[in-house]
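Enquirer: Here is how the chains run, residue by residue.
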Amino acid sequence: MATQPATESDFSLDPAAAVAAQEGGAPVEGMGPWELAWRRLKRNRVAMASLAVFFVLVGCCLAAPLYAEHVAGRGPTSTNATGTIQVDGKKTFVVTPDGTPIGPGFRKEYFLGADSLGRDVMVRLLYGGRNSLFVGFMAALITAILAVATGLAAGYFGGWTDRIISNGNDILWSFPVLLFAIALGTALALGGLNIGPISVQGDSLWIPIIIIGVVYIPYFGRPIRGQVLSLREKEFVDAAVAQGMGSTRIMFSEILPNLMSTILVFGTLIIANNILLEAALSFLGAGIQPPEPSWGGLISDGVNQIYTSPHLSLVPGVAIVIAVLSLNVFGDGLRDALDPRAKVRLR
Amino acid sequence: MGKLGRRALVLLVAALSMLVFAACGDDDDDGGGGGGGGAATKGGELNVAHTSYPDFLDPGLSYTVDGWEALHLAYTGLVTFANGNGDAGTEGAEVVPGLAEDMPEISDDGLSYKFTLRDGLKYSDGKPVKASDFKSSIERLLEQDSQGAGLGYTTIKGGADFLETKKGGVSGIVTDNAKRTIEITLAEPRGAFLYELAIPFASVVPGDTPAKNMTKSPPPGTGCYAIEDVNLNRSYELVRNKNFSPSLKGTAVDQCNADAIHVTIDPQTSSQVTKVLRGDLDFMVDNPPPDRVAELKGKYTDRFEQFATNSTFYFFMNVEAPPFDNLKVRQAVNYAIDVNAINRAQGGVLSAAHTTLPPGVPGYDKSQDDLYPFDLEKAKSLIKEAGAEGEDVTVWSNPEPETQRTMEYYADTLNKIGLNAKIKNIPAEEYFVTIGTRKNKPQTGWANWFQDYPHPSDFIDILLNPDNVVDVGNNNYTYNANDKKLADMINDLNKEPELTDDVIKRWGEVDRYIQEQAYWGIYGNRKQSTFFSERMDFDSCKGEHAVWTHHWGMFCRK
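Protein sequences, first through last, are from chains A and B. Going letter by letter, the first sequence gives residues 0 to 346 in numbering that gives the first Met the number 0. Going letter by letter, the second sequence gives residues 0 to 557 in numbering that gives the first Met the number 0.
Here chain A stands alone, though its shape is the one from the complex (with noise of 0.2 Å):
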């Protein structure tokens, strides 16, 4: 989304102030930055319409072990290729002899057809959800810890912790992500992973989530440490410096707060980001392991059957568009919201 280009007003340290230059009126007394961007946050109503659906999406795969239990009838593992369903009160296969799946239908059992060993494709996509988005969240918060860590470490004391921090940052950059990340996969879901006492089998959710979590540090890392660079130029932090302040405490309880909306707008795409990943993991064999479900696995799986069945690929294909789409789209009106220079309308 393009920004206006900077006014002398713009860079003004009060954000009322400064809503209010924008605004052409006078300053909205007593509003923080926080109640502002919710303010700009909440009349945005595509980026509230992509939150709402990203929440369903969230709490229908939440709900994925009652679907399975009171309606479905049957796990996400469970198979029943031999099985028949009634469908317009005909005794079907849920697999035929040659093996094709039954389709998708507005019945309890199969309401988005079988996969070809008989399984539930519905139940299967929703136990999908919660390993994908669970994947999404939890690396985007390694990433997240890691890349603030080092961004605010990098840019605080630059030197020789810069150096190595950055040119770090800048090997791991050189990797093409999807190859690195398909390399580690393969490697760890073989022989799990060991590091001092901690362990993660081969077959954990740890595996995907370590790999996403660690590959997209350089792209989130970066600019924490531009914005640290700037930062600590600032008068705010030579007052702290002044006042005898630590390092430790200046970059915690000084900058960071400052770096906050960043974290925020980053932390959101990075997760659509990771959903991608490991559906492209998965896909390739290097993700979650089967038979756990996942997204990018049943797409895969899908794939040997794209002639007669192309509902196994197409039904976690939206779910992945549906997420990563709300994700992005909420991500663009968050960012609009954080920014001051933003013209979004208060009243």
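Among these hints, one or two may not hold up.
Stated by the list, open to error - Derived list of chain B stretches under chain A, where covered just means 3 residues or more per stretch with a C-beta under 8 Å from a C-beta of chain A:
| id | segment |
| --- | --- |
| 1 | 339–349 |
| 2 | 405–413 |
To be verified - Below, simulated DSSO-like cross-link-like pairs (lysine-lysine); rule was C-alpha separation at most 30 Å, straight line:
| id | chain 1 | residue 1 | chain 2 | residue 2 |
| --- | --- | --- | --- | --- |
| 3 | B | K526 | B | K484 |
| 4 | B | K438 | B | K484 |
| 5 | A | K90 | B | K415 |
| 6 | A | K90 | B | K296 |
| 7 | A | K89 | B | K296 |
| 8 | B | K415 | A | K89 |
| 9 | A | K90 | B | K526 |
| 10 | B | K248 | B | K129 |
| 11 | B | K415 | B | K438 |
| 12 | A | K107 | B | K421 |
| 13 | B | K415 | A | K107 |
| 14 | A | K90 | B | K41 |
| 15 | A | K90 | B | K377 |
| 16 | B | K241 | B | K41 |
| 17 | B | K438 | B | K365 |
Said to hold, decoys possible - Going by beta-carbon spacing under 10 Å, a handful of chain A positions derived as facing chain B:
| id | residue |
| --- | --- |
| 18 | V55 |
| 19 | R118 |
| 20 | P289 |
Note that these hints are calculated values from the structure, not bench results. Ideal Cβ positions, reconstructed from N, Cα and C, are used throughout, including at glycine.
Please build the complex by placing chain B on the supplied structure of chain A, with the hints as guidance.
Expert: Just chain B now, with coordinates in the frame of chain A:
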């Protein structure tokens, strides 16, 4: 009918007889010829596609169906396999003379094999074939540590030493170039030895062929085709051998209908199907993707069919890794396997089976297929009886889509009968090495075996002989090293030089014993497809073969 009329009739009959002889080729008394149920059209060029390039285009190294389908047309051993009639089944499983004039004289103790080469044999470069070339070809195979060395060639006297030291030659092969004789002496009798002489590993190549991978420039051979224009990982050509030996005319080796076969690589089987339908390809080596099979079965019955291959697909159970040390647990798994469910998961490419030996291999007995009918409740009660409820089981698998689906079914089935199963995926290229390493203690997992040759020992001896259990590089994933009874039964049968009716019956009994011990959970034999373009003669030239899967030399155009 007048005089002229009778003369005309005689001439017509004579002319027709000549035409029939010409169409069928020379009458062969060596088990060769054939070429299908009707008259095969000779000539023309064919386009064939693989999904991936053959492992090697070198007869001493290749150990895949993809490789052998091409190599057996260009290279011949002392003996070879009959051509059969082009329809799937056991025809073509018979060993017949190849470069040898006749079948060998075998000594009573089964240790000595005497061959005489045919007269006037030539390689495709025009140079003469010498008896000593056979010895150098076997030594070349062993010198390269070919996978084929694991077969019976080290049973030849001096073969095992040569494999280890690469020095001194294989003393058990004595040749006389002037008399064209070859005498092979074995260190111990080996019932399948003749079969092992008939597969491409034992093909005869010139004595000066370097002991290195010759895929880029395959050595001259004696088959009716020669491999030319090798473009690695892209294409190669099979062209008619201009120096084909006259003494091989009319034998099993003389079976090349088309003038040339252009072989290309197309990694997508779905795209290959489209190309065959368009006529850009005449034949695809691999099976069509499962979601196209139903369409082909329904719409193209005049050029598509499936047939069972000599293969066995099974879940191995490691008797050294609890709970599979308990017979009841292994039996429970056998009762719990629903072959129909697995077949559906694989798109209908399986032919249901419970025996170790597939139907095309001597020793197969259909009446033995009833030991473990599908019964989930019985399986659950056996697990309870064994006290194995809730025991952790790691199911070893690899990410190949069909394998993955099958193993997801298998893990779910083990959970249904009361075990606690989890899948462990190993990259496909490392899979067999990993499960073949004893210290990894793979509890249970996926395995399959496609025959090298249609002899029961190729399945039972290689895959289940307790004496073959080693620490690394196992094919016996059951690790049943303590089953001395089975070892004795197999070792006794291995010494039988011929597959007499009695020997075949005894192999059948061994198969039954293996099932009673429930070492494997067997679920089927893999079907292979024949799918031709419209211009191919499907009725007369299907070329389905018990050993080569498809005999491209039997293919012909309408």
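Enquirer: Compare the structure with the hints numbered earlier in the document and write down the numbers of the violated ones, lowest to highest.
Expert: Violated hints (numbers, rising): 3, 14, 17 and 18; every other hint is consistent with the structure.
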